[in-house]
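As they're listed, the protein sequences go chains A and B.
Under the working numbering, the very last position in the first sequence is 917; numbers go up by exactly one each time.
Under the working numbering, the very last position in the second sequence is 917; numbers go up by exactly one each time.
What the hints contain is simulated information worked out from the structure, not anything from laboratory work.
Among the hints, a few may not be true.
Copies of the same chain look alike in the list, so a pair counts if it works inside one copy or between any two.
[Unchecked claim] Calculated lysine-lysine pairs in the DSSO-like style (CA-CA distance at most 30 Å, straight line): (1) K677 / K773; (2) K677 / K778; (3) K875 / K677; (4) K838 / K875; (5) K715 / K838; (6) K610 / K778; (7) K768 / K854; (8) K854 / K643; (9) K735 / K874; (10) K838 / K778; (11) K898 / K838; (12) K874 / K677; (13) K854 / K677; (14) K768 / K838; (15) K735 / K610; (16) K677 / K735; (17) K610 / K773; (18) K715 / K643; (19) K735 / K715; (20) K898 / K875; (21) K643 / K677; (22) K875 / K610; (23) K838 / K773; (24) K898 / K854; (25) K768 / K874; (26) K715 / K778; (27) K735 / K875; (28) K854 / K773; (29) K778 / K735.
The primary structure of each chain is shown beneath.
Number of protein chains: 2
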Amino acid sequence: MVLVQGELMRSEFRRILIRNGFTEEKADICAGIFMMNTLDGISSHGVNRFPRFVEYITKGIVNPDAEPSLISSSAAVEHWDGNLGPGPLNALKATQRATELASLHGIGMVTLRHTNHWMRGGTYGWNAAGKGFAFLGWTNTMANMPAWGAKDCRIGNNPLVFAMPFREEAIVLDFAMSQYSYGKLEVYKLAGEKLPYPGGFDSHGNLTDDPSEILLTWRALPIGYWKGSGLSLMLDIFAASLSGGLSTSEISQKDAECSLSQVFIAISMKSLPVGRDFQETINNIITDLKKSDPVVPGNEPRYPGENTVRLRNKNLSEGIPVNEEVWDYILSL
Amino acid sequence: MVLVQGELMRSEFRRILIRNGFTEEKADICAGIFMMNTLDGISSHGVNRFPRFVEYITKGIVNPDAEPSLISSSAAVEHWDGNLGPGPLNALKATQRATELASLHGIGMVTLRHTNHWMRGGTYGWNAAGKGFAFLGWTNTMANMPAWGAKDCRIGNNPLVFAMPFREEAIVLDFAMSQYSYGKLEVYKLAGEKLPYPGGFDSHGNLTDDPSEILLTWRALPIGYWKGSGLSLMLDIFAASLSGGLSTSEISQKDAECSLSQVFIAISMKSLPVGRDFQETINNIITDLKKSDPVVPGNEPRYPGENTVRLRNKNLSEGIPVNEEVWDYILSL
Numbered sequence: 585m586v587l588v589q590g591e592l593m594r595s596e597f598r599r600i601l602i603r604n605g606f607t608e609e610k611a612d613i614c615a616g617i618f619m620m621n622t623l624d625g626i627s628s629h630g631v632n633r634f635p636r637f638v639e640y641i642t643k644g645i646v647n648p649d650a651e652p653s654l655i656s657s658s659a660a661v662e663h664w665d666g667n668l669g670p671g672p673l674n675a676l677k678a679t680q681r682a683t684e685l686a687s688l689h690g691i692g693m694v695t696l697r698h699t700n701h702w703m704r705g706g707t708y709g710w711n712a713a714g715k716g717f718a719f720l721g722w723t724n725t726m727a728n729m730p731a732w733g734a735k736d737c738r739i740g741n742n743p744l745v746f747a748m749p750f751r752e753e754a755i756v757l758d759f760a761m762s763q764y765s766y767g768k769l770e771v772y773k774l775a776g777e778k779l780p781y782p783g784g785f786d787s788h789g790n791l792t793d794d795p796s797e798i799l800l801t802w803r804a805l806p807i808g809y810w811k812g813s814g815l816s817l818m819l820d821i822f823a824a825s826l827s828g829g830l831s832t833s834e835i836s837q838k839d840a841e842c843s844l845s846q847v848f849i850a851i852s853m854k855s856l857p858v859g860r861d862f863q864e865t866i867n868n869i870i871t872d873l874k875k876s877d878p879v880v881p882g883n884e885p886r887y888p889g890e891n892t893v894r895l896r897n898k899n900l901s902e903g904i905p906v907n908e909e910v911w912d913y914i915l916s917l
Numbered sequence: 585m586v587l588v589q590g591e592l593m594r595s596e597f598r599r600i601l602i603r604n605g606f607t608e609e610k611a612d613i614c615a616g617i618f619m620m621n622t623l624d625g626i627s628s629h630g631v632n633r634f635p636r637f638v639e640y641i642t643k644g645i646v647n648p649d650a651e652p653s654l655i656s657s658s659a660a661v662e663h664w665d666g667n668l669g670p671g672p673l674n675a676l677k678a679t680q681r682a683t684e685l686a687s688l689h690g691i692g693m694v695t696l697r698h699t700n701h702w703m704r705g706g707t708y709g710w711n712a713a714g715k716g717f718a719f720l721g722w723t724n725t726m727a728n729m730p731a732w733g734a735k736d737c738r739i740g741n742n743p744l745v746f747a748m749p750f751r752e753e754a755i756v757l758d759f760a761m762s763q764y765s766y767g768k769l770e771v772y773k774l775a776g777e778k779l780p781y782p783g784g785f786d787s788h789g790n791l792t793d794d795p796s797e798i799l800l801t802w803r804a805l806p807i808g809y810w811k812g813s814g815l816s817l818m819l820d821i822f823a824a825s826l827s828g829g830l831s832t833s834e835i836s837q838k839d840a841e842c843s844l845s846q847v848f849i850a851i852s853m854k855s856l857p858v859g860r861d862f863q864e865t866i867n868n869i870i871t872d873l874k875k876s877d878p879v880v881p882g883n884e885p886r887y888p889g890e891n892t893v894r895l896r897n898k899n900l901s902e903g904i905p906v907n908e909e910v911w912d913y914i915l916s917l
């Protein structure tokens, strides 16, 4: 591991993106997103993912020149086409429009079709909540998990994001429908460790906490067994049918994961019923959560995003830990 | 078990509700909801729950005279107060308003505070989808599950509903954040059976599939471990802060579960991007799901609500199986 300052990382990403056809403005924003994801501890969708993002540009899967275009609108709803441009830029634009619509109509929804991987869903939750909006959004993905009762991968892990402004920061929940990502299973396998909780099925069809077994069967566990399987399906149904874009099964027929469908819903917090400050409501909820009797003494339950802010501040002051090989490769790009 | 015809059940519910202070119109609607929930196989929020509903009216927890009132509105958003009236009537009204707002604005959101238990969340999904709208809604509940990493119950199982029109019917996902309800744990315990999958923690803090152990510790498992715990918290945060109503922790301080907070979001399917019929998109998704290689040969994965329609039709033609003691008690009311 090397420690890399956030600003240095951002400027390296920026340099590489400009070299790969991004305008300065787009490179600024996109580099900022990849850096922030890493700063927040999500290297899998930050520095570790950046080389693949560049590769997708080189291969023409991600088109740096493409701009999202408005297909149609209806008061509080807008439908956009991502035109296979950079996923994070398309998603940020969609988030921005959703918040603008919410300012006008109380709630706003933007759908995005033919876009690319948005990297970390939380990015858009932090963005909207940082501007004072409640946010709800999701993406579909290629098929990477069997439906409940099936052995072959036909549903996506379709990450879902909820975000709410809180104190100076936000509460942001960003989670995939699979219990563990394949990346996480690889990490446990390489470390020779079992999963903390069962995460899939072995070749005998039994639940297992052995990552190697799951990587063999590719039968990753949906969260909550049949419940997460159903939720994954619904998120795909909503994303594809509302946007008029591709579904998980259609995306899976492509050579690479691209042309995704996404939904962004923002809610204004400026026109809530009078009589109760919503920050006080949330504060009460978090205060009560912290009164929990912890399983491990001293380890109170955390709220979604609590650790993120802690890690962000730590990495801001100390530098971001990065795999040396990955960082060397990025410097060479 | 006795077999009871749906129409007979509805008219008995109607009679009892009128005797307990409901107007004919309200009794019609409310009896229909309890009957339909039973017809769809959800007796726990239908016939088996009806006596407790009547008891709550008798005790003054549910006020049959109360009407929901509009607190404030802002274009596509309306905030209502349930005034502690019958939960199913309040929730149906909120669903109705959300679809009306969606017709006008593309998307509509209604929040409801100080309402009572809505019984089956799916009711409102079937209703909205039946009228051609996509639907997304949830309720908070009293605390009935420990947060991840905690031993005492401080979060709710906060059911979440997604619904989408499909063919002549709908796809409706309606699920709580706990893996199994306490009612379901009781059923397995009484039958002397283990749970099909781990559903909570035993007194040693280990995951267990023994329902008796979980009923002792009251440590029911959130779906997806920490993920469902986070989602439960977010749904409570959204419901309480958007509605200006009570949170799970505040509801839990009451003698009975009442004064809940709920969110209803409807989306118009009439202003989607041209070029692709959304029914065709959904049809493709379901067709692909059905191509899955099933774990049990012949048992293809089902989509949410698929079994409901099957059971509904069966119960419509054959009568609804009801516990004889429960039915006798209802006839005596």
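At 30 Å max between alpha carbons, let me know whether K610 reaches K778 within a copy, between copies, both or neither.
-> The answer is neither: 42 Å in one copy and 56 Å across copies each exceed 30 Å.
Given a CA cutoff of 30 Å, do K778 and K735 count as a within-copy pair, a between-copy pair, both, or neither?
-> both (22 Å within a copy, 24 Å between copies)
Alpha-carbon proximity context of K838 and K778, limit 30 Å | neither (33 Å within a copy, 43 Å between copies)
At 30 Å max between alpha carbons, let me know whether K768 reaches K874 within a copy, between copies, both or neither.
-> Classified as both; 28 Å inside a copy, 29 Å across copies.
Is the C-alpha distance from K677 to K773 at most 30 Å within one copy, between copies, in both cases, or in neither?
-> neither (38 Å within a copy, 52 Å between copies)
At most 30 Å between C-alpha atoms: does K768 with K854 qualify within a copy, between copies, both, or neither?
-> neither (39 Å within a copy, 41 Å between copies)
Checking K854 and K643: alpha-carbon separation at most 30 Å within a copy, between copies, both or neither?
-> Close neither inside one copy (45 Å) nor across copies (38 Å); limit 30 Å.
Is the C-alpha distance from K643 to K677 at most 30 Å within one copy, between copies, in both cases, or in neither?
-> Classified as within: same-chain Cα gap 24 Å, cross-chain 52 Å, threshold 30 Å.
Indicate which option fits the pair K735, K715 if close means a Cα-Cα distance not exceeding 30 Å: within, between, both or neither.
-> Classified as neither; 43 Å inside a copy, 35 Å across copies.
Indicate which option fits the pair K735, K875 if close means a Cα-Cα distance not exceeding 30 Å: within, between, both or neither.
-> Cα proximity of K735 and K875: across copies only (11 Å, versus 42 Å in one copy).
Using 30 Å as the alpha carbon limit, work out where K677 and K778 are close: within a copy, between copies, both or neither.
-> For K677 and K778, neither the intra-copy (40 Å) nor the inter-copy (50 Å) Cα distance is at most 30 Å.
Given identical chains, is K610 near K773, meaning Cα to Cα at most 30 Å, within a copy, between copies, both, or neither?
-> neither (37 Å within a copy, 59 Å between copies)
Hint violations for this structure: numbers 1, 2, 3, 5, 6, 7, 8, 10, 11, 12, 15, 16, 17, 18, 19, 22, 24, 26 and 28, all remaining hints satisfied.
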